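Chemist: The chain contents come next:
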Amino acid sequence: MNPIRRKRLILILVILTGVSLTTLLAAIALKESISLFYTPTSLISSQTPITGSIQVGGIVVENSIQRAPNNLKKQFQITDKQNTLTIDYTGVFPDLFRENSGIIAYGSFKDHVFYATKLLAKHSADYMPKTVEQAIKKLHDKQLKVSAL
Amino acid sequence: MNFSFLHKLSSPRYFYYFSITYNPWIFYISLLGISISLTWGLAFTAPDYLQGNSYRIIFMHVPVASLALSTYMAMAIAGTMGYIWRIKLAFLASKSLAIIGFSWCTLALISGAIWGKPTWGTWWVWDARLTSMFILAFLYLGQIILRYTIQNTETAHRACALLGIVGLVNLPIIKYSVEWWNTLHQGASITLTSTSIAPEMLHPLLCAIASFYLITVSLFFYYMQCEILKTEYQTTWAYKVLASKNTMTPISH
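Chains as they are written, first to last, in this note's numbering: chain R, -2 to 146; chain G, 35 to 287.
For the record, the hints were derived by calculation from the structure and aren't laboratory data. As the structure is a computational prediction, the values presented were derived from the model and not from experiment. Ideal Cβ placement from N, Cα and C applies to all residues, glycine included. A portion of the hints provided could be inaccurate.
[To be verified] Here are some of the chain G residues that sit facing chain R, going by a computed Cβ distance under 7 Å:
#1 N87
#2 L103
#3 I121
#4 T156
#5 W158
#6 A171
#7 T217
#8 T225
[Stated by the list, open to error] Ranges of calculated distance between the beta carbons of each label pair, as one might list FRET restraints:
#9 W59(G) <-> N97(R): 47 to 55 Å
#10 D92(R) <-> Y256(G): 51 to 59 Å
#11 Q131(R) <-> T73(G): 39 to 47 Å
#12 A222(G) <-> D92(R): 35 to 43 Å
#13 I25(R) <-> Y62(G): 27 to 35 Å
#14 T183(G) <-> Q72(R): 37 to 45 Å
#15 Y62(G) <-> R95(R): 39 to 47 Å
#16 K209(G) <-> Q131(R): 49 to 57 Å
#17 E29(R) <-> K209(G): 44 to 52 Å
#18 L8(R) <-> F52(G): 47 to 55 Å
#19 T156(G) <-> G15(R): 44 to 52 Å
#20 E29(R) <-> I54(G): 51 to 59 Å
#21 D92(R) <-> E213(G): 41 to 49 Å
[What the hints assert, rightly or not] Not the full set, but computed from the structure, chain G residues with beta-carbon under 7 Å of chain R:
#22 L72
#23 Y89
#24 Y210
#25 E213
#26 N216
#27 T229
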């Protein structure tokens, strides 16, 4: 490679390395603030008090949804497999709100309860027709029965 | 290995005639591919167990989003080749790819927002994936605008090549944003080794991805034809081509 071209190649490599390093450092420094939401663990174990309007995310715990009999008040728990967090919400659940699936709640954290004003449903990366889902469920139940025996 | 084919292809005249000969084939095959895969995906595939019919936007969203990233990569590589070896055709390739990539990126953002409303419950959130994709659109826009701002063509090409390399750092951020940070956007459904999409949905999706890639190649060739004629109009062969098209009268010298 002739010297001029080599110089240009080196310039490009220097730019690429410099920009990558800068971005890497910035990303490490901003790790918490780039994340869209806290997990129950990061919220509970936070050293500094977390106040104001924030987001938490996690998986809805099975059989944890409690509905008030005559209004839209609801309470449920989300988990990140280590800690669970109780969420208080008044309103209608989003369409894709299911037990064992991910949600993100907007609101504030006070006295170990998260008061949500808005819920977003996170959807998984799995796509399948209903028939396939039922077949998997059937197989899963069968295995449970076998293991129960 | 014999590189004479590549050397020939780097001549604007040879590239132009190569493109004129083969591009119509590429274009019609990709158009056929898109019609088949979209009909297959939209009309002959079962609805999703959870999302119902709204998941079908995947057949367009995934190909265009994937292309927005690949086109940027190709654009940056072309720009770098132009910068190091001062190949005119590489700069033109970089210029063409910026416009194509910007279109794909915009379509990915729009289709993603349309998908987000029924599934997540919102058009937009500032999570890492959506924000980094938004930045990609502006990196493309920067390329396009920078070329128009700098009067001297050669300087403009070089400046865009360097800008393209700076923006390259955004590509891994987009790809891994869903793993590095907590995001609303779900993780990847297709990786090199595995997939979480049922086969009957995966096959039309893969066909759609292949067809969209092919039409990108074709659009690239069409853009290149225009760019080559625009820069080479003073040469005898390009003058003849333009005169025979009778679409404009080149200035005689």
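Chemist: All the hints need checking, so say for each whether the structure fits it.
Modeler: Now the hints, each set against the structure:
1. Taken as an interface hint, N87(G) does not check out: its beta carbon lies about 12 Å from the nearest beta carbon of chain R, beyond 7 Å.
2. A distance limit of 7 Å between C-beta atoms decides the matter here; for L103(G) the minimum to chain R is near 16 Å, and the interface restraint is violated.
3. Restraint check, I121(G) versus chain R: the minimum CB separation of about 11 Å is more than 7 Å; hint violated.
4. Proximity of T156(G) to chain R holds as hinted, the smallest CB-CB distance being about 6 Å (cut-off 7 Å).
5. Interface hint status for W158(G): violated, as the beta-carbon distance to the closest one in chain R is roughly 11 Å, over 7 Å.
6. Taking 7 Å as the C-beta cut-off, the interface hint given for A171(G) is violated, the closest approach to chain R being about 18 Å.
7. Hint on T217(G) holds. Least Cβ distance to chain R is approximately 6 Å, under the 7 Å limit.
8. Against a cut-off of 7 Å between C-beta atoms, the interface hint on T225(G) is violated, since the closest Cβ of chain R lies about 10 Å away.
9. Separation of W59(G) from N97(R) is about 50 Å and conforms to the stated range, judged on CB atoms against 47 to 55 Å.
10. The supplied range of 51 to 59 Å is broken by D92(R) and Y256(G), whose beta-carbon atoms lie about 42 Å from each other.
11. At roughly 27 Å, the beta carbons of Q131(R) and T73(G) sit outside the given window of 39 to 47 Å.
12. The given range of 35 to 43 Å is broken by A222(G) and D92(R), whose C-beta atoms sit roughly 24 Å from each other.
13. For I25(R) and Y62(G), the Cβ-Cβ distance of about 49 Å falls outside the hinted range of 27 to 35 Å, so the restraint is violated.
14. The given range of 37 to 45 Å is broken by T183(G) and Q72(R), whose C-beta atoms sit roughly 57 Å from each other.
15. Separated by about 45 Å at the C-beta atoms, Y62(G) and R95(R) satisfy the suggested range of 39 to 47 Å.
16. About 34 Å separates the C-beta atoms of K209(G) and Q131(R), a value inconsistent with the hinted range of 49 to 57 Å.
17. At about 21 Å, the beta-carbon gap between E29(R) and K209(G) misses the expected band of 44 to 52 Å.
18. The given range of 47 to 55 Å is broken by L8(R) and F52(G), whose C-beta atoms sit roughly 32 Å from each other.
19. Between T156(G) and G15(R) the Cβ separation comes to about 37 Å, which falls outside the hinted range of 44 to 52 Å.
20. Roughly 55 Å separates the CB atoms of E29(R) and I54(G), a value that falls within the hinted 51 to 59 Å.
21. Distance hint check: the CB atoms of D92(R) and E213(G) are about 26 Å apart, inconsistent with the given range 41 to 49 Å.
22. Of the supplied interface hints, the one on L72(G) is violated, with its beta-carbon coming no nearer than about 16 Å to a beta-carbon of chain R, more than 7 Å.
23. For Y89(G), the suggested interface contact is upheld, since its CB lies about 6 Å from the closest CB of chain R, less than 7 Å.
24. Below 7 Å, beta-carbon pairs count as interface contacts, and Y210(G) has none with chain R, the closest being about 10 Å; its hint is therefore violated.
25. Taken as an interface hint, E213(G) does not check out: its beta carbon lies about 12 Å from the nearest beta carbon of chain R, beyond 7 Å.
26. Checking N216(G) against chain R: minimum C-beta separation of about 4 Å stays under 7 Å; hint holds.
27. Checking T229(G) against chain R: minimum C-beta separation of about 9 Å lies over 7 Å; hint violated.
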